[in-house]
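There are 2 protein chains.
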Amino acid sequence: MNYPSGIKKINRSTIPITTDTYKNRGMNLEDELNQSNKFYRDIDKAFIYKKPTPIKITKVDYPSRDRAVIKEAFFTIPSTTDYNGIYKGYYIDFEAKESKSTTSFALSNIHPHQIKHLENIEKHKGISFLIIRFTSLNETYLLPTKNFLVFLKESERKSIPLDFIKKNAYLIKDGYNPRIDYLKIVDKLIEDFGGTR
Amino acid sequence: MNYPSGIKKINRSTIPITTDTYKNRGMNLEDELNQSNKFYRDIDKAFIYKKPTPIKITKVDYPSRDRAVIKEAFFTIPSTTDYNGIYKGYYIDFEAKESKSTTSFALSNIHPHQIKHLENIEKHKGISFLIIRFTSLNETYLLPTKNFLVFLKESERKSIPLDFIKKNAYLIKDGYNPRIDYLKIVDKLIEDFGGTR
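Top to bottom, those sequences are chains Z and G.
Read in order, the letters of the first sequence correspond to residues 12 to 208 in our numbering.
Read in order, the letters of the second sequence correspond to residues 12 to 208 in our numbering.
FYI, nobody ran anything at the bench for these hints, they're computed from the structure.
Given the structure is predicted, the values throughout are model-derived calculations rather than measurements.
There's no promise every hint is true.
It does not matter which identical chain is meant; a pair holds if it fits inside one copy or across any two.
What the hints assert, rightly or not - With a Cα cut of at most 27 Å, we get these calculated DSSO-like pairs of lysine-lysine: (1) 136 to 61; (2) 56 to 164; (3) 169 to 108; (4) 70 to 184; (5) 136 to 82; (6) 62 to 127; (7) 67 to 136; (8) 195 to 127.
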């Protein structure tokens with residue numbers, strides 16, 4: 012469950028962003044993906060957004076007629092993945108997760124209905140994948156859903172060994188702008204579909 | 012601004028849903044679209060979801076280690092539209108609004124950046140549109156972005172006359188399940204793209 016980190020992120024966003032390189036190095040995966048997606052939008056390349064955090068609102072105050080303040084709400088389990096959008100006419104959908112492990116990625120990071128969702132997207136001719144960052148190794152991978160499903164089918168393990176990821180996922184090189192140029196990898200996946208629409 | 016209605020809807024969702032036909036008649040557009048999208052998912056036809064309501068969280072309590080309660084949050088202006096997903100390999104994106112008017116649809120219902128978003132989707136070969144319900148007339152229309160943009164370009168008016176909508180949008184017939192079978196209209200839009208992917 013990534014709710015505590017979700018909250019942390021929201022609190023962080025109130026801290027003014029500086030252009031200091033050292034500070035940028037301290038960005039987490041979500042911040043970097045948001046920055047990258049904004050870059051893609053700015054250059055009119057792709058329109059991919061992070062969905063708002065799903066919450067259940069249970070109490071709302073109206074201090075004035077046109078103003079509402081949520082006074083009680085709870086984080087709920089997302090039915091889908093965090094990111095989706097459009098690129099070259101393709102529906103793009105992915106989940107992004109960080110792992111502190113240096114040897115494997117625990118499947119408990121992904122909800123079963125998120126796996127089912129990725130599978131549905133794949134089946135309906137979208138492009139879906141996981142972005143996994145091993146924070147201790149400073150390595151970020153794009154694992155296509157197709158390869159992820161092969162692992163789930165063939166293995167009983169509760170985590171994906173780094174070795175499998177190295178063989179079946181694409182390493183995404185760090186950049187400056189965009190920080191995570193994952194669309195370069197998506198271009199390769201699009202080639203499998205027969206090119207630009 | 013549709014925040015008050017957004018809040019109402021969330022409160023409503025705590026009321027148990029019955030299968031009573033009269034109750035169903037009282038469903039609002041959002042409820043009916045959610046039901047229709049669930050139906051499409053259940054029959055493996057399309058995977059289209061409403062995005063969570065965007066909020067800015069400013070205060071969170073932790074009554075226990077693994078439990079977080081949001082104690083203060085505010086509704087924020089959405090950057091995109093409310094609904095998106097995949098159908099027949101196409102990226103689908105739309106906004107849905109109710110109007111009490113019997114003569115026109117006020118453009119103030121749609122944020123300028125939502126219009127820009129619909130335009131971007133269209134340009135990048137997605138299928139985007141507005142679903143507009145005239146509640147007093149009990150008529151629901153699907154207005155393709157292309158036609159919506161023609162109106163914006165050619166008119167200085169601050170609302171779209173019903174007459175323009177009747178000529179340039181598709182009337183969606185009421186149904187039982189799905190309540191709003193808007194994919195029937197999307198099929199027509201897909202034909203313009205050259206058919207199923």
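Against the structure, the hints come out as follows:
no., hint, verdict
1, 136 to 61, "both (21 Å within a copy, 20 Å between copies)"
2, 56 to 164, "between (35 Å within a copy, 24 Å between copies)"
3, 169 to 108, "within (16 Å within a copy, 44 Å between copies)"
4, 70 to 184, "neither (44 Å within a copy, 36 Å between copies)"
5, 136 to 82, "neither (41 Å within a copy, 41 Å between copies)"
6, 62 to 127, "both (18 Å within a copy, 18 Å between copies)"
7, 67 to 136, "neither (32 Å within a copy, 34 Å between copies)"
8, 195 to 127, "both (25 Å within a copy, 25 Å between copies)"
Comparing the model with each earlier hint shows violations of hints 4, 5, 7; every other hint is respected.
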